[in-house]
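Participant: Listed here are the chains, written in short residue letters.
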Amino acid sequence: MSNNLPTLTGYVRSDGRKGIRNYVVVAYLVECAHHVAREIAESFKGQPVHLIGFGGCYPNAYADRMMNRLCTHPNVGAALLLSLGCESFNRHKLEENVAASGRPVHTIVIQQTGGTRKSITAGAEWVRQALGEIEGVPRAPLQVEELVVGTVCGGSDATSGVSANPAVGRAFDLLVAQGAAAIFEETGEMIGLGGIMAARAVTPELGQELKQSVDKAAYYYRQMGHASFAPGNAEGGLTTIEEKSIGAYCKSGDSPITGLIKPGDLPRKGGLYLLDVVPDGEPRFGFPNINDNAEIAELIACGSHLILFTTGRGSVVGSAISPVIKICANPETYERMRDDMDVNAGRILRLEASVDDVGREIYNKVLEVASGDPSCSESLGHQEFVLTYKSFEPIGPHCLPV
Amino acid sequence: MPRASRKLLRIHKDDNVLIVVNQVEPGDRDLVDDQDIVVTQRIEVGHKVAARLIRQGEKVYKCGVPIGSAKENIPAGAHVHLHNLRSDYIETYTLDKDRTYVK
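Those protein sequences? They're chains A and B, same order as listed.
Under this note's numbering, the first residue of the first sequence carries the number 13, and numbering increases by one thereafter.
Under this note's numbering, the first residue of the second sequence carries the number 47, and numbering increases by one thereafter.
Hint data in this document are derived by calculation from the structure and do not stem from the laboratory.
Ideal Cβ placement from N, Cα and C applies to all residues, glycine included.
Hints are not guaranteed to be accurate.
As the list claims (entries may be wrong) - Below 27 Å or equal to it, Euclidean Cα-Cα: the simulated BS3-like pairs (lysine-lysine) are:
| # | chain 1 | residue 1 | chain 2 | residue 2 |
| --- | --- | --- | --- | --- |
| 1 | A | Lys-223 | B | Lys-105 |
| 2 | B | Lys-59 | B | Lys-105 |
| 3 | A | Lys-228 | B | Lys-105 |
| 4 | B | Lys-59 | B | Lys-117 |
| 5 | A | Lys-105 | A | Lys-130 |
| 6 | A | Lys-57 | A | Lys-377 |
Unchecked claim - Stretch-level coverage of chain B by chain A, calculated; a stretch enters the list once three of its residues show a Cβ under 8 Å from a Cβ in chain A:
| # | region |
| --- | --- |
| 7 | 70–83 |
| 8 | 86–97 |
| 9 | 103–112 |
| 10 | 117–128 |
| 11 | 131–140 |
Please put together the full structure from these sequences, using the hints given.
Facilitator: Below, the structure written as structure tokens:
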């Protein structure tokens, strides 16, 4: 390892995890509280205050688990919860869990507080105090092995699978070799590759679980009538879901696969994990993830400190809670959209850099952003967040073998 | 052939399609593994070209892995895409020239 890489310092949380950011999250617990939450968050523009939330009025165990994980994510220092008052979300339990984690937390029930204006005033006042309070969170050296890094691709074209995705795979290999946890996902984009992936599992039983997760995804998407495939993929030269899958799968690198997790499961130790994002059982709530940000939120709920996002067509999204690093696969897209791109993997296609070179550059970028440097999407103020209804069974006993 | 003029790339030795790495025009040619490929139309970067005659029903290989089956006979040098390649798993949908969803 090069010696001029930054030394990392993390915000120490009560569960032993460390954050690379220290945000106040403002979380609405039903769409009816969204506007009030947004008004509060927007009055702190440029400060470490992020907006998240769940729009549904009906209870959902998945969304509940996601919100609990997100409000106690290591990058989060405090949480303000916004309730209308009559929704199903269990705000009491969420507040209790956040308080038990040692974080400042407060719930504003809009109906009890006296409506929109009074709730915004009260909420903003609380956030102001919380920002001061979390400045005192203890900091300690953070080792690479404590990092959790997720990866996702969006706006893929045929260059994604040739440049950016293999380069992220190399960065993942470097991170896993250092003891970090690396999470790849979207079993709906591993169609046709179940057997290949199973062969990389640390145990045959885990291999079987990996293969079944891909079979489940193929079945689920067939029921939806669409593969995880957008018109831009076809314009960019991709023809079939199995072709797109090969490219997407490259992001996982060459390390053995340590485990299979589902949204909200935390990796117990370093290694490479597959995140199974496709709901269990018969399709009930529609597409597994309605867009890239729904996947990013799930990677973050699994503890990801930051996200490596590869794109060929040119996605601009970021995320609430964890920084998103953009790796651009297509050199023409990079030229057109360079303000949004952290790494130009298109140099591989122009024969100006090797996959190893760009993999190393991505690894270094991970350390820079973990040390506090903003990624492009962070600087531009991107804080997208999406959470919808899903249903999952707990993972089986063979999914985390060691 | 100098590297900079490279137009077509074979990713895996078992592949029967090549990847366009610099946009090609009708009549453009490239020598790939001692085989002279002449492309028959304008094709953009990232798209696929048949490396040899691919017969109807035959699997199409990219990165050494099957990515679907040929819907018709595809001559060497032809564009391989939605019109002549079908998924073996889930049909591909996209927007056509009239901006309508098609499969």
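Participant: If you check each hint against the structure, which ones fail?
Facilitator: Of the numbered hints given earlier, the structure breaks just one, which is hint 7.
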